[in-house]
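Protein chains: 2
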Amino acid sequence: MTKTNIASKNQIIGSETKHIILIGAGNVATHISRHLYAQGHKIECVWSRTPGPARALAGVVGAKATSTVSEVPQKADFYILAIPDGAVAGMATEFADCQGIWLHTSGALSMDVFKGLFPEYGVLYPLQTLSRAHPLPLGHIPFLVEGSSVEVSEKVHDLASSISERVEAADSPTRLIIHLAAVFANNFSNHMVHIAHQILKEQNLSVAMLDPLLEETFQKITRVGAREAQTGPAFRDDHETMKRHIELLKNHPEWEKLYTFISREIEKSREE
Amino acid sequence: MTKTNIASKNQIIGSETKHIILIGAGNVATHISRHLYAQGHKIECVWSRTPGPARALAGVVGAKATSTVSEVPQKADFYILAIPDGAVAGMATEFADCQGIWLHTSGALSMDVFKGLFPEYGVLYPLQTLSRAHPLPLGHIPFLVEGSSVEVSEKVHDLASSISERVEAADSPTRLIIHLAAVFANNFSNHMVHIAHQILKEQNLSVAMLDPLLEETFQKITRVGAREAQTGPAFRDDHETMKRHIELLKNHPEWEKLYTFISREIEKSREE
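Protein chains in written order, with our numbering: chain A, 12 to 283; chain B, 12 to 283.
Be aware that a few hints might be false.
Heads up, the list lumps identical chains together, so a pair's fine if it works in one copy or across two of them.
To be verified - Simulated pairs of lysine-lysine, BS3-like, Cα-Cα distance not exceeding 25 Å: (1) 254 to 126; (2) 254 to 268; (3) 212 to 279; (4) 279 to 268; (5) 212 to 268; (6) 53 to 75.
FYI, nobody ran anything at the bench for these hints, they're computed from the structure.
Being a predicted model, the structure only gives us computed values, none of them experimental.
Starting from the given sequences, assemble the full structure and let the hints guide the process.
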């Protein structure tokens, strides 16, 4: 399929066809490149240290796959680095000869990781939990963007707008705060449910029993807010029930500590 | 409207019209009695210590409202006590002359709280977070039931089946374990989101930004399980990001402790 064919088949919202290189072939690289491709952008090349994931993703987005740095085209509109935070700085130096706007996709990493390496750079951070195996519509996902200059910021904004209708500018310190909030909202709440599931599994009870409760838990948060949605023994000062629960946790001192600590925080939150 | 009219207008699934007294007019009483009424059962009377809530609920379910114990009919099929756990035992003694099957709706309270007070008793526990102001379909909600004899168990099962298709027998110790799991799944995960919202509000950032993340968080749990859904810096051993997050929490020592503790637990959970 030629570039023209793709562009005529798809809609480019607010931007023309861009030539894009993906560095990385994991969860974020997969989601972002699939959507950019679907919007008619040209994914030229997917680079990954291991050939398998690069080939798998490249096949889906009509790109060349490579594990060799020197085979990556040295000119493109955007180089999108979607690899673990700790690897971004080191990896970027390997591609120092490549010309284009360099973006990373991290919530926690400063834009300045690219400073001095490339003349134009920025950030394209999707505020969502992404797994390669589960394709997800990204059209309503907030994308937080940043650029090394006003011009670059506009270009990154345009690129993100071709994926999502919710693009917002956020500098690196603001993005880190939002990322921290996302860790509580997703990673930590998920872990609370993990513990709930473990408690049931230990007694051979069905974890699916909690599904209607989970569904309502999160619908209620978006409906009335987490503060208003709070219920439970800690919130109503039911110390008898809390004592009985803690007794059940005696074989799990870590969960007992968590139970006691979070309950105390919930008690305090009533007074806020 | 006469009883016959109600019964002919509605469907009674698996049971005939029952005469029911509600003791309490809060969240659980409101939800349960609305659904029992809609299924054609006869709510004879709603008792509540304060007249306002009793009158409000009684008006909705075609019942008499009272705050006077002696005005509560002394004979009915079911007396449903939906009041705070700590008040159940004391309240039950005030109604010692009433004949019928006595049920409480608590997840954490043993059925034996009624022992010696009434000849027939049991438990009707809806596994859901309920707020009076938000009517909720209960047809798919697990109801955990228990009875003081085989006959009573069957009658409670029948009553619950007229509200929900998911009725399960659970003895008091099992119900307490499930209630504990529900506290982690709902109360504690909700508190994690509350903290996330506070972090954003302190910086005048929009909490609605997290809505797509929250929606996916809980859809993902039911799709792949909490263990498989876990992502984030702790899960991928990203200590650099965790250090930056902890630095941001220095004005909230409690949240910092929670962050550190839960992150360590998430790290350990990878090895399970």
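Hint check results:
no., hint, verdict
1, 254 to 126, "between (55 Å within a copy, 22 Å between copies)"
2, 254 to 268, "both (13 Å within a copy, 22 Å between copies)"
3, 212 to 279, "between (31 Å within a copy, 18 Å between copies)"
4, 279 to 268, "both (17 Å within a copy, 15 Å between copies)"
5, 212 to 268, "within (20 Å within a copy, 28 Å between copies)"
6, 53 to 75, "within (11 Å within a copy, 71 Å between copies)"
Going through the hint list in order, the structure satisfies each hint without exception.
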